[in-house]
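**Q** As a plain string of letters, each chain reads:
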Amino acid sequence: MEKFVRHDGLVAPLDRANVDTDQIIPKQFLKSIKRTGFGPNLFDEWRYLDEGFPGQDNSARPLNKDFVLNQPVYQGASVLLTRRNFGCGSSREHAPWALMDFGFKAIIAPSFADIFYNNCFKNGLLPIVLSEDNVEALFQAVNGKEGYRITIDLEGQQVIPETGEPLPFEIDEFRKHCLLNGLDEIGLTLNEADAIRAYEKGRMEREPWVFADH
Amino acid sequence: MAGKTLYDKLWEAHLVTQREDGSALIYIDRQIIHEVTSPQAFEGLRLASRQPWRTSASVATIDHNVPTTPFKSAADIADDTSRIQVQTLQDNTREFGITEFGIGDVRQGIVHVMAPEQGAVVPGMTVVCGDSHTSTNGALACLAHGIGTSEVEHVLATQTLVAKKMNNMRVSVEGELGPGVTAKDVVLHIIGVIGTAGGTGYALEFAGSAMRSLSMEGRMTVCNMAIEAGARAGMVAVDDVTIDYVKGRPFAPKGADWDKAEAYWRTLVSDADARFDEEVNIDAADIKPQVSWGTSPEMVVPVDANLPDPAAESDEVKRSGMSRAYEYMGLTPGMPVTDIKVDRVFIGSCTNSRIEDLRAAAEVAKGRQKAGSVKQVLVVPGSGLVKQQAEKEGLDKVFVAAGFEWREPGCSMCLAMNPDRLEAGEHCASTSNRNFEGRQGNGGRTHLVSPAMAAAAAVAGHFVDIRELDQA
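Each protein sequence line maps, in turn, to chains Y and H.
Residues 1 to 214 (my numbering) make up the first sequence, in order.
Residues 1001 to 1472 (my numbering) make up the second sequence, in order.
These aren't lab readings, by the way, just hints derived from the structure by calculation.
Any given hint might turn out to be false.
If you want a taste of the chain Y side facing chain H, the calculated C-beta under 10 Å gives, among others [claimed, not checked]:
#, residue
1, K34
2, C88
3, G89
4, Q140
5, K176
6, G187
7, R203
8, F211
The beta carbon of each residue, even a glycine, is placed where N, CA and C say it ideally should be.
Kindly generate the complete structure, drawing on both the sequences and the hints.
**A** Right, here's the structure in full:
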């Protein structure tokens, strides 16, 4: 996994609540057996005027010019600012894969759906929870100035907007540690293989049926 | 000291290590695998030269992509990308020695129908799957939740997950459910009350006399949609209904093991003095047959209501969400639910494709006819075994006589990854779980309902109150 330490980027405002994973990456694109290449179909139904299919030449498709990510001022955006319960719906990791493939490094919202939130960390994408008021203030700042940028300092756990005070955010120690160092979680867990084996031994005695072959 | 909740007990029984930073390693007893969220996980294992920790922990089947018209081999799947995923799962399970119920196997079906049906999920287990509706399995007093593909790989390689303990929430539904009110109406009502993010961060236990009165199938319907209330995991405590359901299933313990298992499983209930971080109490008498009108499962109303007015909503974010939903759905605030016409009907999905669901739909369809204005009514059983049972009972003939289509098992039009889908602008009465924009096909408009309500809409051509069907 790629490290995340500090990031400075252009902010794109997606002013919607409950953005679900079907919106982030529609189901027809889940048929890929790869982790990459989902970026051109991020928010497909909002971004394009026609219906998208896997394997299409997306550069030839008619764009919905009103959609925020199609507006010239937000080209190159790497921080997504959005509303509550972002990423609700399915467990598809294709959602963070698509956001990252598009170029996003961080997402700021008042709340995230659990599974999506968790999936982000496995891929080096940083979901940041700020209060509704702080998110609202950032929306106003971003809408008020073209090219508004934000710096994210993971070590110091703060969002530093172009204007105003730095905004602190919470993050689990373990997740922070993995992001800062770009760690492979499976490798870390396998360091505890002895503990897993010892646990299994006890369970096998208490609940042998759980371990039955079939 | 306060007693323990069911979730506390399940968590503690699976704790491998508690780390100082607050994270924990929990042991996973069962992983269910399907074709869409597993290819990248198996690829990850190969790239790192890792082997599955314990192959007997996993069981796989195909569901999301499969056509619901008969097919004999992967080569018969017309869509190239779907065929590759189905084939890839077959290759991966063979390479790594994992049991798969594949094409032509009567046990093949939707992951969350197949696993309980096989007894592959029994009380007291931790159960994961790369699918958010894994919460379904919590109906058997399991800690069951969806995970992403990186975690699918993590569980394959280590049989554990890095997790943090969730908070406890209990939703108690007390009293007797009224006529025509099903498990689906109960859970839609609950989501309407607590909201689509109300359960975020919680393990949700469904309790109360109305919950206990539900069959296992009904409890699965309720737990299935815990995720639609934001909760990764939903669960119901063990009682006689649970024990009777599990007994005799192919993977279930037998003989002396069974007695030992049953004795342990009976302890899987929240203690009387257990403390919940959040409690929600619902009177069963307040629940009516439900219909979702918008693009989030919380946008739900009783069938005898009129659609809500966004102007009356004080929360600005919610209000703008409602306005957007009205625009997408092509509906008007204040209109009666029963004026909404349906173009297609879908009876199936991991929410409502079990035998009890099909019986409820068939009871309505019997002796009636699909309305001429309805283009298609799909009935898609949850597994080959459900299909077989339904045919034994003659339900297939009832559906076909009513002008409904009787299909092969799979996820089908719940998420439209296979050829079953809505056209833009079409309204669908659907027994599935998500009414998101485009979920059942680009531009499609989904209304979530119970199987009986879906069948009633199919014969009337618009939503009808199932309690007044004969007058409609």
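**Q** Now look at each hint and say whether the structure bears it out.
**A** Verification of the hints:
no. : hint : in the structure
1   : K34  : holds (7 Å)
2   : C88  : holds (6 Å)
3   : G89  : holds (6 Å)
4   : Q140 : violated (14 Å)
5   : K176 : holds (9 Å)
6   : G187 : holds (8 Å)
7   : R203 : holds (7 Å)
8   : F211 : holds (7 Å)
Consistency with the previously given hints fails for number 4 only.
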